[in-house]
Every structure is written in C-alpha cells, then in structure tokens.
Amino acid sequence: MDQMAPTAQSLASPIPSSPLPNRAGIGLKAQHYQEILDTQPNIGWLEVHSENYMCTGGPTLKWLTALRERYPVSLHGVGMSLGSAGPLDQAHIKRLVDLDRRIEPGWVSEHLSWSIADGVYLNDLIALPYTAESLDVFSAHVREMQDALNRQVLIENPSSYLRYEHSVISEPEFLLNVVSQSGCGVLLDVNNVYVSAHNHGFDPVAYLDQIPAHLIGEIHMAGHSQTVIDGRTIRIDDHGSPICGEVWALYEHLIKRTGPKPTLIEWDTNIPALDVLLGEAAKADAIMTLCGQRETHRACIG
Amino acid sequence: MSVKSLAKAPLLAAAMTVALSAAAMQDVSAADMEKCYGIAKAGHNDCKTETSSCAGTAKMDHEASAFVAVPVGTCAKIAGGTLKPM
Amino acid sequence: MLALAELQSSFGEASLGGDTITLAPAIIGDGLQAEQRLSIHRNNTTVLLCEVLGTTYPVVKKLVGEAFFDSVARAYVRAHPPRSPCLFEYGGHFGDYLANVPAVAELPYLSDVAKLEWAWNESFYAVDAEPLSASALAKIDPETYGDLIFTLHPSLRLVASAYPIKEIWDVNQCGADPDARVDLNEGAQRLAVLRAQTSVTFIELSRGGFEMTAQLSAGKRLEDAFLSGQRLMADFDPTATLSVLIRAGAFHTFFI
Ligand SMILES: [Fe+2]
Numbered sequence: 005m006d007q008m009a010p011t012a013q014s015l016a017s018p019i020p021s022s023p024l025p026n027r028a029g030i031g032l033k034a035q036h037y038q039e040i041l042d043t044q045p046n047i048g049w050l051e052v053h054s055e056n057y058m059c060t061g062g063p064t065l066k067w068l069t070a071l072r073e074r075y076p077v078s079l080h081g082v083g084m085s086l087g088s089a090g091p092l093d094q095a096h097i098k099r100l101v102d103l104d105r106r107i108e109p110g111w112v113s114e115h116l117s118w119s120i121a122d123g124v125y126l127n128d129l130i131a132l133p134y135t136a137e138s139l140d141v142f143s144a145h146v147r148e149m150q151d152a153l154n155r156q157v158l159i160e161n162p163s164s165y166l167r168y169e170h171s172v173i174s175e176p177e178f179l180l181n182v183v184s185q186s187g188c189g190v191l192l193d194v195n196n197v198y199v200s201a202h203n204h205g206f207d208p209v210a211y212l213d214q215i216p217a218h219l220i221g222e223i224h225m226a227g228h229s230q231t232v233i234d235g236r237t238i239r240i241d242d243h244g245s246p247i248c249g250e251v252w253a254l255y256e257h258l259i260k261r262t263g264p265k266p267t268l269i270e271w272d273t274n275i276p277a278l279d280v281l282l283g284e285a286a287k288a289d290a291i292m293t294l295c296g297q298r299e300t301h302r303a304c305i306g
Numbered sequence: 017m018s019v020k021s022l023a024k025a026p027l028l029a030a031a032m033t034v035a036l037s038a039a040a041m042q043d044v045s046a047a048d049m050e051k052c053y054g055i056a057k058a059g060h061n062d063c064k065t066e067t068s069s070c071a072g073t074a075k076m077d078h079e080a081s082a083f084v085a086v087p088v089g090t091c092a093k094i095a096g097g098t099l100k101p102m
Numbered sequence: 026m027l028a029l030a031e032l033q034s035s036f037g038e039a040s041l042g043g044d045t046i047t048l049a050p051a052i053i054g055d056g057l058q059a060e061q062r063l064s065i066h067r068n069n070t071t072v073l074l075c076e077v078l079g080t081t082y083p084v085v086k087k088l089v090g091e092a093f094f095d096s097v098a099r100a101y102v103r104a105h106p107p108r109s110p111c112l113f114e115y116g117g118h119f120g121d122y123l124a125n126v127p128a129v130a131e132l133p134y135l136s137d138v139a140k141l142e143w144a145w146n147e148s149f150y151a152v153d154a155e156p157l158s159a160s161a162l163a164k165i166d167p168e169t170y171g172d173l174i175f176t177l178h179p180s181l182r183l184v185a186s187a188y189p190i191k192e193i194w195d196v197n198q199c200g201a202d203p204d205a206r207v208d209l210n211e212g213a214q215r216l217a218v219l220r221a222q223t224s225v226t227f228i229e230l231s232r233g234g235f236e237m238t239a240q241l242s243a244g245k246r247l248e249d250a251f252l253s254g255q256r257l258m259a260d261f262d263p264t265a266t267l268s269v270l271i272r273a274g275a276f277h278t279f280f281i
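If you read the protein sequences in the order shown, they are chains G, H and F. Going left to right, the first sequence walks through residues 5 to 306 as this note's numbering numbers them. Going left to right, the second sequence walks through residues 17 to 102 as this note's numbering numbers them. Going left to right, the third sequence walks through residues 26 to 281 as this note's numbering numbers them.
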C-alpha cells in the first residue's frame, strides 16, 4: 500500500512554538476549582474535556473562565469520533468552535479512535482497524475539524484492548500517516502506549521511538489498572491511580530524546486531593529538568 | 379585556405593588460559588462533576446476575402514601 | 473484510448488549476469545453511562440503593443510549422510564424525584441571564400590570408532583439529618426550579401560583395567567407568588 508509507517527516507542519509551556499540567476537576483559584499553585497549565464545557451557561463555565485568566488551558475532546465512517456531527463541531473562541486554549486535541455508530454515542474510545479505508476516513475528518477550528489539532494514541484481523499497518505507522495526510500534531500518551504494548505484546520503547520529537505537541501521563480475564492480565486505562514506575521510566526515555514537552497528569476516576496531582506534576517537571536538556543525559537517574 | 378580568385587576395591582416593595434582588457573590463547590468536595448532589471522560473502566458489569429486584436505599425513610389530589 | 461502517454498526450493537456474530471473526483473539475482548468495551459503555446517570440522578440512586440503581440504569442505557457526546445532556427520559419499571411501582414518587433532578440539571447548565430587577419593574404604570408579558429566566423549570418531592430531595442530600423521615401524606408539591445566579434553588408554589407561573412562562398576559391560577384555586392571592418570583430573579424581561 504505497499511499500508506510513513512520510510524516517530510509533509507534516512543525509544531508551532510553545502554545503551552513545556512543563507539567494537570487535568482540571470540579472538586479542585476553588482550591486552585484560592491557592494558585505553580503548575504550567490545565486541561479539561471539551464536552464537559459545551453547555450554554452555568457555574462550570464560569469556573473555567476564571481559571483561564490565570493558567493556559488545553481542550481535550472525547466525543468528536473522528474515526467514525459516518459524517462528523456538525452541531458538535459548532459547539467546539464556540468553546475554542471562548477559552482560547493552547491546544485542541482528540483521539485516534471512534465512539459513534449509527448516531449512538458509545462513551468509549474504540480502536480502528488500521486500513487504507480507515486512514482516508480519519484523515479527512481531522482536516474537517482543523478547517472548522482554523487551527492545527493534536491526535492522541489510544489505549486498546483488541486488534483487527484486517489491519495492515501498526498503530504508530497509521498515526504518522494521519499526520502526513492532515497536518495535525501528535498528543503522545505514554501510559496508553504502555497499556496497549502490554495488551498486545509489542515493545513500548520502539513505539515511542517511532514518533519524531518535532511532531509531539503534548504528552499524557496517567495511571491504569489491571484485570484478569481467563487467566490473562489485561491493563485497563482507567486514570484512577498514580502513574506506575514503568510508565515513568518510559517517560524519562522519551524526554531524553524530545526535551521538555507540555506533560499532562490525567486522573479521572477516584480523584485524589489536589496535592496528589501536584506531586505527580512535580515529578514530571523534575524529570524534564533532569533529563530534558539534551546535553545532560548523564544527570538522569536510572 | 373582559368584564371579569377588569373586576380582578385591582387584586392583581395590589399584589404587584406589595411584591415589588418587598423585593430585594440577590447579588452574585463569590460566597455563593464557594458554597456550591464546598458541597461538591464533600460528596455530590448540590454541584455537578464531570460526566465526560477519556478513561475506560475496570469495574465489571456482571451481565448474568444483573437484575437486582428490590430497591434497598433510603426509600425506607419515606413513609405513608395516601394519595392526595394535586 | 468488514467495511468500516459495517464494523462500527456491529460493534455498537455488541457494546449495547447485542450479539457479536458478525464482529467476532474480525477481532484477533490473541489468547482470549473475541467475545472476552469485546466485553471490555461493553463494560466501558455500560458501566460508564450508568455512572453518568448516577451523577445526574444522585437522589434516585440513594433512594433505591446502588445495586438496584445500576440494574435499572443498565436497562435504560440499553433502551435509550446517548445520541450526543455531551453527557450532561444524557438521561432526560429517565423519569418517564422509571414510571414504567414494575419493580419500583411501590415507590410512586420516584419518577417525580427523577424529573426534579433532571430539572435541576437543566437549570444548572442553562444559559446565563440577568434577572429582572425590582427597580425596573417599579417603573411600570400600575394601570398596565394586567397586560404585562414576561420572559422567564432561562434556567426556570416547573415540576409538580402528588408527593413531597422537595422534602424527599432534602433528606437525601449530604449532610442531611440521618434520622429525618418524610411522610408522603404531606401531599402534593409544586416547585419552580431556578438558577438566577450560581446555585440552583427550589421555590415552592401554591396550586394557583404554579398555574400562574406556568401560564406566564407560556407567554400569557399577567392578568390571564392570574385568572388561570384563580380558576384552579378560588382563594388564590398572587401576592406571595409574585414576591417570591421577583425576589428569586425568576423574571428576565418584560413587555406590555
Ligand atoms: Fe490521554
């Protein structure tokens, strides 16, 4: 399949300089609105799920607007379903455009996945078969989203629990093809790479190493859990616990190559006290300081 | 305007006059927002938490043994039940 | 090879509890049955949407208990999956749905409590608007009061029940007295749900006051709305209703 050979390096637009600071940020949760506003912790930026703020009014939007005055914000979408064979939901695009204008985020991102079938929203990020058809559909939808927003978006690699018989290329190859066909950037979720690598038996380091540093606009870090099905351990990306040691090690490996990048601490279930999130963010900041300068690799622990 | 409604107008006018003289609009205040999310911190109900997430779940939905036939919650606190007309 | 549209259709059905016959051959087992891998996705859809309903309907959940709530929520999710990715808008039919669940026929107030929680939800996310000030109203010539037509605040919702649903809601809030009890014999309750500023509030209205407010929200003249209220309640005095609505900020604009 000639048209699917990775050509990202040659065709992709480089990431513009620092739409978010090259520091750790945290996912903003309603439980922490007041405390963040009151204490204004020293964190680089905040991220929210766009769909939670697509309302016409009410307190949540007021909180986000108030916090936006103090921090850069990244809008992370979970509902565009760019991988759906059907057309994108035009009303949803309109709401995202309105939110983008209101919040003026550093980045707008979405997932390399799909979640809408026959008009039903499944509230799940489902992997695509990596085929020529999927590539055409996905890339066209990314272009449509970027045209509507009039900006480059980032596409995040998903956690996956299954693969398809008819996939013809690997996920990182597919992602790089999307980049070259749409001009989007990459949101690289290190935990998702680790979870999928475990679930499907590939090498997470090789995956990370395939993504050129200049394409990465943002990094995600999160905790996951494990469940046993029929004697086999499956890792589930539930964002409900601290980031595990192996994922921190992968992060160090990545940062040594890429230098510091905006890095999100994602925590969406069993949400802990703000201090716990700030602690994880401080850890990421420390790794970026220690390992992020390309000349000082030796200073890095481990 | 019907004859009937003319006859009722004085009562309405008086009601509006009293209502307006008693009215004092509430202010938007930081204290109001504080109260709202103060309660959210403790639990739920009064304030909303996020409904959209990009995470999966490790909780298992046990399909087969799914149907729990009897509600056993705080409904025990609700007693009586003679229907009164609306 | 399954075309993408066909694959997604089958996947959608499988995630909502349907069969996996078409889909399973397209999934690489890799040590598991395709069905076991698909069950992870069925879980995500079902469990997470049940949690969304629990966020929107916390009082119903408390009333029936978590296990029962999950079983009813699961059935609802299967029957009425979301059509929009904005999940704060999901679950608007849950109150009507509960009215037809035989297992809660013994809890006849439950459907109305759900409708109150939905009204709370809609009010919370409604578009922000300035409440009409008492001073703006004070400038109106009293001669023309009967001809006033109001636009009500966009966050205003009206919920009536044959049961004391506000009391039921109250005793199920965090921090409520654990020994508090509600007597259904307290009877019917008619509520305006409003978020003029930040917090959603409930305003209890008389039978006539509720009818008058409903008529006003339908765009009727104040006098006609009052007369409708009076038809339902012979001794209806609109003073209390008008006072509480004006004070709470339930009016947005007016014209004559
Ligand atoms: Fe992520």
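The hints are simulated quantities; they were obtained by calculation from the structure and are not laboratory data. Treat each hint with caution, since some may be false.
As the list claims (entries may be wrong) - Derived lysine to any residue pairs resembling SDA-like cross-links, with alpha carbons at most 20 Å apart:
1) G:Lys287 - G:Gln230
2) G:Lys33 - G:Lys260
3) H:Lys93 - F:Glu76
4) H:Lys75 - G:Lys260
5) H:Lys93 - F:Tyr150
6) G:Lys33 - G:Ala217
7) H:Lys93 - F:Glu211
8) H:Lys75 - F:Thr226
9) G:Lys98 - G:Leu153
10) G:Lys98 - F:Ala49
11) G:Lys260 - G:Ala217
12) H:Lys93 - F:Thr226
13) H:Lys75 - F:Asp204
14) G:Lys66 - F:Thr226
15) H:Lys75 - G:His257
16) H:Lys93 - F:Ala159
17) G:Lys260 - G:Pro45
18) H:Lys75 - F:Asp208
19) H:Lys93 - F:Glu114
20) G:Lys33 - G:Ala277
21) H:Lys75 - F:Glu76
22) G:Lys33 - G:Pro264
23) G:Lys260 - G:Thr273
24) G:Lys260 - G:Asp272
25) G:Lys260 - G:Ser229
26) G:Lys98 - F:Ser158
27) G:Lys33 - G:Gly61
Unchecked claim - Short, incomplete list of chain H residues facing chain G, as computed with Cβ under 10 Å:
28) Thr65
29) Thr67
30) Ser68
31) Cys70
32) Thr90
Since we're looking at a predicted model, the values are computed, not measured. Heads up, the beta-carbon is just placed ideally off N, CA and C, and yes, glycines get one too.
Evaluated hints:
| no. | hint | verdict |
| --- | --- | --- |
| 1 | G:Lys287 - G:Gln230 | violated (23 Å) |
| 2 | G:Lys33 - G:Lys260 | violated (30 Å) |
| 3 | H:Lys93 - F:Glu76 | violated (24 Å) |
| 4 | H:Lys75 - G:Lys260 | violated (36 Å) |
| 5 | H:Lys93 - F:Tyr150 | violated (30 Å) |
| 6 | G:Lys33 - G:Ala217 | violated (29 Å) |
| 7 | H:Lys93 - F:Glu211 | holds (14 Å) |
| 8 | H:Lys75 - F:Thr226 | violated (35 Å) |
| 9 | G:Lys98 - G:Leu153 | holds (9 Å) |
| 10 | G:Lys98 - F:Ala49 | violated (36 Å) |
| 11 | G:Lys260 - G:Ala217 | holds (10 Å) |
| 12 | H:Lys93 - F:Thr226 | violated (23 Å) |
| 13 | H:Lys75 - F:Asp204 | violated (32 Å) |
| 14 | G:Lys66 - F:Thr226 | holds (18 Å) |
| 15 | H:Lys75 - G:His257 | violated (32 Å) |
| 16 | H:Lys93 - F:Ala159 | violated (41 Å) |
| 17 | G:Lys260 - G:Pro45 | violated (27 Å) |
| 18 | H:Lys75 - F:Asp208 | violated (37 Å) |
| 19 | H:Lys93 - F:Glu114 | violated (30 Å) |
| 20 | G:Lys33 - G:Ala277 | holds (10 Å) |
| 21 | H:Lys75 - F:Glu76 | holds (11 Å) |
| 22 | G:Lys33 - G:Pro264 | violated (25 Å) |
| 23 | G:Lys260 - G:Thr273 | violated (30 Å) |
| 24 | G:Lys260 - G:Asp272 | violated (28 Å) |
| 25 | G:Lys260 - G:Ser229 | violated (27 Å) |
| 26 | G:Lys98 - F:Ser158 | violated (33 Å) |
| 27 | G:Lys33 - G:Gly61 | holds (18 Å) |
| 28 | Thr65 | holds (5 Å) |
| 29 | Thr67 | holds (7 Å) |
| 30 | Ser68 | holds (4 Å) |
| 31 | Cys70 | holds (5 Å) |
| 32 | Thr90 | violated (24 Å) |
The earlier numbered hints that this structure contradicts are 1, 2, 3, 4, 5, 6, 8, 10, 12, 13, 15, 16, 17, 18, 19, 22, 23, 24, 25, 26 and 32.
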